[in-house]
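Protein chains: 2
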Amino acid sequence: MPTAIARRGLMLVVSSPSGAGKSTLARRLLESDPLISMSVSVTTRPKRANEVDGKDYFFVSRERFEEMVREGAFLEHATVFGNRYGTPAAAVEKILAKGRDVLFDIDWQGAQQLAQKAKDDLVRVFILPPSRGELERRLNERAADPPEVVARRMAEANNEISRWSEYDYVIVNEDIPKAQKQLEAIVAAERLNRQRQIGLVDFVRRLIGA
Amino acid sequence: MPTAIARRGLMLVVSSPSGAGKSTLARRLLESDPLISMSVSVTTRPKRANEVDGKDYFFVSRERFEEMVREGAFLEHATVFGNRYGTPAAAVEKILAKGRDVLFDIDWQGAQQLAQKAKDDLVRVFILPPSRGELERRLNERAADPPEVVARRMAEANNEISRWSEYDYVIVNEDIPKAQKQLEAIVAAERLNRQRQIGLVDFVRRLIGA
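As you go down the protein sequences, you meet chains X and E in turn. Numbered continuously in my numbering, the first sequence closes out at residue 210. Numbered continuously in my numbering, the second sequence closes out at residue 210.
Certain hints may be false.
Unchecked claim - Across the chosen pairs, the derived CB separations fall in these ranges: (1) ARG48(E) <-> GLN195(X): 39 to 47 Å; (2) ASP33(E) <-> SER165(X): 42 to 50 Å; (3) ARG70(E) <-> ASP33(X): 48 to 56 Å; (4) PRO177(X) <-> GLU134(E): 34 to 42 Å; (5) GLY199(E) <-> PRO177(X): 21 to 29 Å; (6) ARG138(X) <-> ARG138(E): 33 to 41 Å.
Stated by the list, open to error - So these bits of chain X aren't anywhere near chain E, every CB distance computed over 10 Å: (7) THR44; (8) LYS47; (9) GLU51; (10) SER61; (11) GLU66; (12) ILE95; (13) ASP120; (14) ARG132; (15) ARG152; (16) GLN182; (17) GLU184; (18) LEU207; (19) ILE208.
None of these hints come from the bench; they were simulated from the model. Bear in mind the structure is a predicted one, so any value in this text is a computation, not a measurement. Think of the CB as a built atom: it goes at the ideal place given N, C-alpha and C, for glycine as much as any other residue.
Working from the sequences, and respecting the hints, build out all of it.
See below:
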């Protein structure tokens, strides 16, 4: 029977400029690793027909959201197109305490907020595109966009990329399977981090017969 | 052509009580990964017929060794059975600067000395046996040993094991191929550590067209 050391889960943050492959990598990781689940956010955005409350999002009123902000119930929260989004601390804690991991597909601002509240549980990975040519190609995919839209998108990408140094790990994604393996190695290694293996204290005690 | 980000090598320390499989894991890692080489120690021990100076050890006189100690030329040094052994800082630095990694098969005392001199380059992995029964079996393999020898060996193992909490990662080795994969994942992840990828600053500069 394999030796199971109890461990505390980790909060895996994956960020990147748009088009660098973050969503593909995140999806593949969720599919390949049953111990990782996506963080479910709380939002004030109206529920769409195909969405399930508690699965896609927790849908709440604006009043309830602001109340949760005041209660300190969020690890991070943000406003996007006038709608409020937040990561509920209690739901994440419940998963981590079970030794399961939570994946966050958020930007650098969300990552900064998480870092303030959950430093030790956090593993931050930044995905970079392989070259400027590839970045431009991805940003200009819709050829009909006027130059000012393209320029704004490029400025946004540059702004996002400039946050790379706030992350623990950086993956240059030139090949999805390779980048996926690298992301998996980061998860595997972080699970072996001594401080996350909270069962080691008891395990070693039995080992030395104390 | 793959994007090569210049990186600084890492100092991989693997420690364990005797019999936990450290040497097997270290050998397999050296065989499977051409970027990792073993640290070559300086010693005052007489050279054996099958040993090569500069490959197995750097063989020096006791006077020269003590001079190197005074010069601060060692990352760590120790005395074993009256012979002096030391890790030469300059040789290790040369390898790290090339973006290659160095493996150290040393005990917790050596690891403590390394930590004082090279904290940022260090990745410390501790290997534990899977159970007390297995540990006793390995320590008692030579059935003819008198009880006091067995007891001393057990006390030594307990002393070594009790240092587990000074390491960054802990692997419970119940299955060599599994433990080997875990060790490889740690190396792969640590190479993706932002601070070790020293070429990222220039890479990102080109990426954002600065």
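No chain E beta carbon within 10 Å of GLU51(X)'s: Its Cβ never comes within 10 Å of chain E, the nearest being 35 Å, so this holds.
10 Å Cβ clearance of THR44(X) from chain E: holds, 34 Å
Exclusion check [ILE208(X) not at the chain E interface, CB over 10 Å]: violated, 4 Å
10 Å Cβ clearance of GLU184(X) from chain E: violated, 8 Å
48 to 56 Å as the expected CB spacing between ASP33(X) and ARG70(E), which holds or is violated: holds, 52 Å
Separation of LYS47(X) from chain E, once the least beta-carbon distance is taken, above 10 Å: Check passes; 38 Å lies beyond 10 Å.
Interface exclusion of SER61(X) relative to chain E, criterion Cβ beyond 10 Å: The claim stands: SER61(X) keeps its Cβ more than 10 Å from every Cβ of chain E (closest is about 40 Å).
Range agreement (Cβ of PRO177(X) with Cβ of GLY199(E), hint 21 to 29 Å): holds, 23 Å
Exclusion check [ASP120(X) not at the chain E interface, CB over 10 Å]: holds, 14 Å
Distal placement of GLU66(X) relative to chain E, Cβ over 10 Å: holds, 36 Å
Chain E versus ARG132(X) - minimum CB to CB distance exceeding 10 Å, so not interface: The claim is violated: ARG132(X) sits with its nearest Cβ about 5 Å from chain E, within 10 Å.
Reported absence of GLN182(X) from the contact zone with chain E (all CB gaps over 10 Å): violated, 6 Å
The earlier numbered hints that this structure contradicts are 2, 6, 14, 16, 17, 18, 19.
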